[in-house]
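Chains as they are written, first to last, in my numbering: chain A, 48 to 428; chain B, 40 to 215.
Hints in this document: simulated from the structure, not taken from any laboratory. Incorrect hints may appear among the rest.
[To be verified] Stretches of chain B that chain A covers, calculated by requiring three or more beta carbons in the stretch to come under 8 Å of a beta carbon on chain A:
# : stretch
1 : 63-70
2 : 76-90
[Said to hold, decoys possible] One-sided excerpt, in silico: chain A residues whose CB lies under 8 Å from chain B:
#  : residue
3  : Val88
4  : Leu91
5  : Ile92
6  : Asp94
7  : Arg95
8  : Leu96
9  : Trp388
10 : Trp391
11 : Thr392
12 : Leu393
From a predicted model like this one, the values you see are computed outputs, not experimental measurements. The beta-carbon is built from N, C-alpha and C at its ideal position, and this holds for glycine as well.
Spelled out from the first residue to the last, the chains are:
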Amino acid sequence: MDFLNDIPWMLIAASIAKTLFLIFGVVLPIVSYTVYAERRVSALIQDRLGPNRTGFPISLFGFQKDLQLFLGGLGQPVADAMKFLLKEEFTPGHVNKFYFWLAPVLAMVPALSTLAVLPFGNFLFGQKMVVADVNVGILYVFAVASVGVYGIVLAGWSSNSKYPFLGSIRASSQMISYELSLGLSAVPVLMIIGNLNLSEAIQYQIDNGWLLLPFTDGKLTLRELLLWIPVLVSFIIFTISMFAETNRLPFDLPESETELVAGYHTEYSAMKFALFFLGEYAAMIAGSSIIVVLFLGGWHVPFLPINTLESSTTPSGIALGFLHITAFFAKVVGILIFFIWVRWTLPRFRFDQLMKLGWLYLFEIALVNIFITAAILAWVK
Amino acid sequence: MAYTVRRPNLTFWEKLYLPNIVAGLAITFNHLKKMLKGETHVVMQYPEEKWDAHLPEYYRGAPTLVTDEHGRERCVSCQLCEFICPPRAIKITPGSLPSDSQFAKVEKAPEAFDIDMSRCIYCGLCEEVCPEQAIYLRKDYAVTGESRADMVHHKDKLYELGGTMPGLVHKWNPDK
Chain A
48 MDFLNDIPWM
58 LIAASIAKTL
68 FLIFGVVLPI
78 VSYTVYAERR
88 VSALIQDRLG
98 PNRTGFPISL
108 FGFQKDLQLF
118 LGGLGQPVAD
128 AMKFLLKEEF
138 TPGHVNKFYF
148 WLAPVLAMVP
158 ALSTLAVLPF
168 GNFLFGQKMV
178 VADVNVGILY
188 VFAVASVGVY
198 GIVLAGWSSN
208 SKYPFLGSIR
218 ASSQMISYEL
228 SLGLSAVPVL
238 MIIGNLNLSE
248 AIQYQIDNGW
258 LLLPFTDGKL
268 TLRELLLWIP
278 VLVSFIIFTI
288 SMFAETNRLP
298 FDLPESETEL
308 VAGYHTEYSA
318 MKFALFFLGE
328 YAAMIAGSSI
338 IVVLFLGGWH
348 VPFLPINTLE
358 SSTTPSGIAL
368 GFLHITAFFA
378 KVVGILIFFI
388 WVRWTLPRFR
398 FDQLMKLGWL
408 YLFEIALVNI
418 FITAAILAWV
428 K
Chain B
40 MAYTVRRPNL
50 TFWEKLYLPN
60 IVAGLAITFN
70 HLKKMLKGET
80 HVVMQYPEEK
90 WDAHLPEYYR
100 GAPTLVTDEH
110 GRERCVSCQL
120 CEFICPPRAI
130 KITPGSLPSD
140 SQFAKVEKAP
150 EAFDIDMSRC
160 IYCGLCEEVC
170 PEQAIYLRKD
180 YAVTGESRAD
190 MVHHKDKLYE
200 LGGTMPGLVH
210 KWNPDK
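Go ahead and model the full structure; you've got the sequences and the hints to work with.
This is the structure:
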């Protein structure tokens, strides 16, 4: 009976510890510093400086000056968070109160829930570094991520105001359209890997080289070279669709400032607005993590040893475990910086161009890509 | 009359759009690189760097009161500036010079002279209207205060900012 009583408690405790570490230790800090990076990189690209003044407010604790680290302005996210928390929580009189309050939550929760199945490391302290190692990993991600559209639709609808409404209509049609090409472009990858479990996807890439860079296992066969073509195509389509799914420029029509004031969150203020903001960036992190897991080998660092469940409590195993986690989030941050870089390079699409791109090009190419992959898999050994 | 805008004939690579995206990314990356290397300098970091040396002669900053080379107040409290001031920022309480002053019978002086800098619009009409050339717009532009009362410049502050303006009053100067 001890056996039955003990095991679930250990599992629950470990899951809670991993969730807390993932959300509060890694993702939320990355979110807040992505906002900072967004402002800073956009400024530098536009020959400005951006927020470079706010230091860490140690002068509150009796020091002479605030702490300024290398680029300056690293205390900005702290100041932003304080501002959002202290601002007036204004609810306009004409909104549908219940859904108005529900919408920011629905925008934030799915983005964070997708992180549950992401293997963000190998083993550490005798634990596998994934909150839920489920066999339907990628399906779970697509299912939960598509719930995110409800937050936006409810926000636009409950605001009872024309600009949020237009923004949410655009968001829903855009997200539904691009989910097709997103899902279809992931199919070739899943056919090659032959498993929906994301940990298995990484294991395949450790054995055979990353999908996008098949030479990372030290050898390049004809089959890998041929499969490289469909993988490259699906990587491009997947990335473009991910931009559309997370409402990032060049597909940020739901909140295009020049047309719709601020789109679906026009009527929101203070922490409710911040939740939309954080939800958007958390969705970006979730999306980049999926790109990393499917195409860039997840936490794997090429030509370095991998720790096992047994060795993960020894000092070298712990060091390797932390290295894997760092590698994973370094790749994610790299993709995030690419997101930001693209945002400040490309102008926004017109809505008909967006729909045309999604339905007439990406959808068909992704579909044909599946058959090409199948042919290569069937005939080239 | 309606007219048709000719669309350019795009080549295959231009229609594909991806090479142009890469070219655009390269442009923005070069801007980023130059900023990080410090090769681009377009932004003035205000409190550390200031534009003061480049202010033109005719710059209209905060209005101030001036004294002549003998230390006499030029203002005779005629109140013309008070009447012309569009936002009514100036408030003068006219007074006399003390009776032991050698100019006591010659002219008057303001007892109080307040300019509310939260109202001043830096139009320069006070400077233009002053027959004694006692009020000048100087180059101070950073006028700050923690309350509305702080934003009112009193007489002593105005003279401190204005300093001395030597030379004859133009109006009485036959050369001008």
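Exercise. Are Leu393/A and chain B close enough, Cβ to Cβ, to be under 8 Å, as the hint says?
Worked result: Leu393/A check passes; min Cβ-Cβ to chain B is 6 Å, inside 8 Å.
Exercise. Was the hint right that Leu96/A lines chain B, CB cutoff 8 Å?
Worked result: Hint holds; Leu96/A Cβ to chain B Cβ min 5 Å, cut 8 Å.
Problem set entry | Interface hint outcome for Trp388/A [beta carbon to chain B under 8 Å] | Hint on Trp388/A: holds, closest Cβ of chain B at ~6 Å, below 8 Å.
For this session: With chain B as the partner, please determine if Trp391/A meets the hint condition of a C-beta pair closer than 8 Å.
Result: Where the cut-off is 8 Å and the nearest Cβ of chain B is about 6 Å from Trp391/A, the hint holds.
Exercise. Is the shortest C-beta separation between Ile92/A and chain B less than 8 Å?
Worked result: Constraint on Ile92/A satisfied, holds at 5 Å.
Exercise. Holds or violated: is there a CB of chain B closer than 8 Å to the CB of Val88/A?
Worked result: Val88/A check passes; min Cβ-Cβ to chain B is 7 Å, inside 8 Å.
Exercise. Measuring from the C-beta of Arg95/A to each C-beta in chain B, is the shortest one below 8 Å?
Worked result: holds (6 Å)
Problem set entry | Coverage of the stretch 76-90 of chain B by chain A, judged on three or more residues with CB within 8 Å | That given contact holds, which follows from 4 residues of the stretch 76-90 of chain B lying within Cβ reach (below 8 Å) of chain A.
For this session: Mind checking the CB of Thr392/A against every CB in chain B and telling me if the closest is under 8 Å?
Result: holds (5 Å)
Problem set entry | Proximity test - 8 Å, beta-carbon atoms, the stretch 63-70 of chain B to chain A, at least three hits | Holds: 6 residues of the stretch 63-70 of chain B have a Cβ under 8 Å from chain A.
For this session: Go through the hint on Leu91/A and say holds or violated, using the shortest Cβ distance to chain B against 8 Å.
Result: Check passed: Cβ of Leu91/A comes within 4 Å of chain B, closer than 8 Å.
Exercise. Minimum Cβ distance from Asp94/A to chain B below 8 Å?
Worked result: This hint holds: Asp94/A lies near chain B, its Cβ roughly 5 Å from the closest one there, short of 8 Å.
In summary, this structure violates none of the numbered hints.
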